[in-house]
Amino acid sequence: MARVLVVDDAAFMRKVLGDALASGGHQVVGEAGNGAEAVASYQQLRPELTTLDITMPEKDGLTALAEIMAIDPAARVVMCSALGQESKVLESIKLGAKDFVVKPFQPARVLEAVSKALA
Amino acid sequence: MSQNAVTPREALTRLGASTAEAIAQVLEMFVPGEVQRGEVSVLPDGTTPFTNLPFGAVATSVSYVDGVTGANIFLMTPVGARALASAMGVAPPVPGDGTASEAAPQELSELELSAIGEAANQMMAAAANATSVVLGQEVEISPPETRILDDPDSAVEIYGRAPHSTSTTFVISGEACRLIQLVPSAFVVRMARAIDELSMEQPASGEGNQAGSAGDGWGKRNDHDAGSISLHEALSDINLRVWAELGRTRMPLGQALELPLGAVVDLDRASDAAVDLFVNGLRFGQGHLLVTDDGEWAICLETVAGTVPTTPHGVRALALENQMKGSD
Numbered sequence: 001m002a003r004v005l006v007v008d009d010a011a012f013m014r015k016v017l018g019d020a021l022a023s024g025g026h027q028v029v030g031e032a033g034n035g036a037e038a039v040a041s042y043q044q045l046r047p048e049l050t051t052l053d054i055t056m057p058e059k060d061g062l063t064a065l066a067e068i069m070a071i072d073p074a075a076r077v078v079m080c081s082a083l084g085q086e087s088k089v090l091e092s093i094k095l096g097a098k099d100f101v102v103k104p105f106q107p108a109r110v111l112e113a114v115s116k117a118l119a
Numbered sequence: 001m002s003q004n005a006v007t008p009r010e011a012l013t014r015l016g017a018s019t020a021e022a023i024a025q026v027l028e029m030f031v032p033g034e035v036q037r038g039e040v041s042v043l044p045d046g047t048t049p050f051t052n053l054p055f056g057a058v059a060t061s062v063s064y065v066d067g068v069t070g071a072n073i074f075l076m077t078p079v080g081a082r083a084l085a086s087a088m089g090v091a092p093p094v095p096g097d098g099t100a101s102e103a104a105p106q107e108l109s110e111l112e113l114s115a116i117g118e119a120a121n122q123m124m125a126a127a128a129n130a131t132s133v134v135l136g137q138e139v140e141i142s143p144p145e146t147r148i149l150d151d152p153d154s155a156v157e158i159y160g161r162a163p164h165s166t167s168t169t170f171v172i173s174g175e176a177c178r179l180i181q182l183v184p185s186a187f188v189v190r191m192a193r194a195i196d197e198l199s200m201e202q203p204a205s206g207e208g209n210q211a212g213s214a215g216d217g218w219g220k221r222n223d224h225d226a227g228s229i230s231l232h233e234a235l236s237d238i239n240l241r242v243w244a245e246l247g248r249t250r251m252p253l254g255q256a257l258e259l260p261l262g263a264v265v266d267l268d269r270a271s272d273a274a275v276d277l278f279v280n281g282l283r284f285g286q287g288h289l290l291v292t293d294d295g296e297w298a299i300c301l302e303t304v305a306g307t308v309p310t311t312p313h314g315v316r317a318l319a320l321e322n323q324m325k326g327s328d
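Quick mapping for you: the protein sequence lines, in order, are chains A and B. All the letters of the first sequence, read from the start, carry residue numbers 1 to 119 under the numbering used here. All the letters of the second sequence, read from the start, carry residue numbers 1 to 328 under the numbering used here.
Hints are not guaranteed to be accurate.
[As the list claims (entries may be wrong)] With the Cβ distance kept under 7 angstroms, some of the chain A side facing chain B (calculated, not the full set):
(1) F100
(2) V102
(3) P104
[Unchecked claim] To list a few chain A residues with every Cβ distance to chain B over 12 angstroms, as calculated:
(4) A11
(5) V29
(6) P57
(7) E67
(8) I71
(9) I93
Simulated from the structure, these hints should not be mistaken for lab results. Quick reminder that beta carbons are idealized off the backbone N, C-alpha and C, glycines included.
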């Protein structure tokens, strides 16, 4: 079971992700609403896994991913973004993301991605 | 431009139609069987699309931020917004539990507004993807912003005016909603050019097809000269890229670069296995390869988007040259 940082600009999505992670026995240790908060929270919390939205205000998810990977090259990050943004998959993987979950999703898909990232 | 160049009105209609189609598909995931699409109306240039805006309308806006400009505003009644949020798993606030305003218990909670914003985000991401297919260029969107609008003037003040606009109606769980698209002239020109380049031979027929005149601000409009055509009509003559895929394999870049002429590359499929048929990048179905009497390849479809075709022989054959006629 992992300590997870959940990053999404929508409180609704943070709740949905948190519920999905909790159903798999994971612990949400922090939440962030944009990329800047995500980087700061990562530095502070050093979670075992981070879920990261792409389209966010102030700093988008791909920029935040690059900064997190610069801080911790071993960071485990799962990208989570809307249908139609699959073109970001390759860019995310190049930057170091472990997996990509497309919204809307089933909780099982989130847990599968988390398990894969933690393996 | 060619003699048959797409007009701005046709480009706007197709933009509205492709956007509406993408939005309806996402909405259908949230509220299965409860979504009805209405017509796409291209509003007269320079008019405000916010007329007849009911008090307390819930507006979620998403803008294009890269590649193209323009705004998309999804308008819902408070009842419709609550129904959508509820379908997404957010219960209405209960007076006295801290989630509802005692002064106005009917107000949407923060979590309801967040859910509606997320729905708009997913809808417009899908719509941007559809637009990017037409433009041949990636289109990115901004994070959604959700507001409560009290009157048309405040809507104009917030969203501004655009030279062109479209209005598309939806009904979600019995509540009428409206998508407004504010479209800059440069975007229209690019859309028209892109559609031309997709070899569209017959412009949509929408002239003289008037929108309803008994507008109530949601399901119908009052604009007497707003042209509208059905989504099916708007989309039916768009040419798509269609191709078949025999199989795949993976190899390191170095190995690929060193492949000699005559090399045999094993694919991941048996020779008698079904091949995939792709339409504009989406896997559309599967079937078996045939050779026609003219000596051309064809594919005999066996499944289409997870279903089995119901033609007399259970299959439908599509002739393929390396790509189908009309593709590029």
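Structure-based check of all given hints:
1. F100: 14 angstroms, violated
2. V102: Violated - the Cβ of A/V102 stays beyond 7 angstroms from chain B, reaching only about 9 angstroms at its closest.
3. P104: 5 angstroms, holds
4. A11: 4 angstroms, violated
5. V29: Answer for A/V29: holds, closest chain B Cβ roughly 21 angstroms.
6. P57: 5 angstroms, violated
7. E67: Correct as stated: the minimum Cβ-Cβ distance to chain B is 19 angstroms, above 12 angstroms.
8. I71: 24 angstroms, holds
9. I93: The claim stands: A/I93 keeps its Cβ more than 12 angstroms from every Cβ of chain B (closest is about 14 angstroms).
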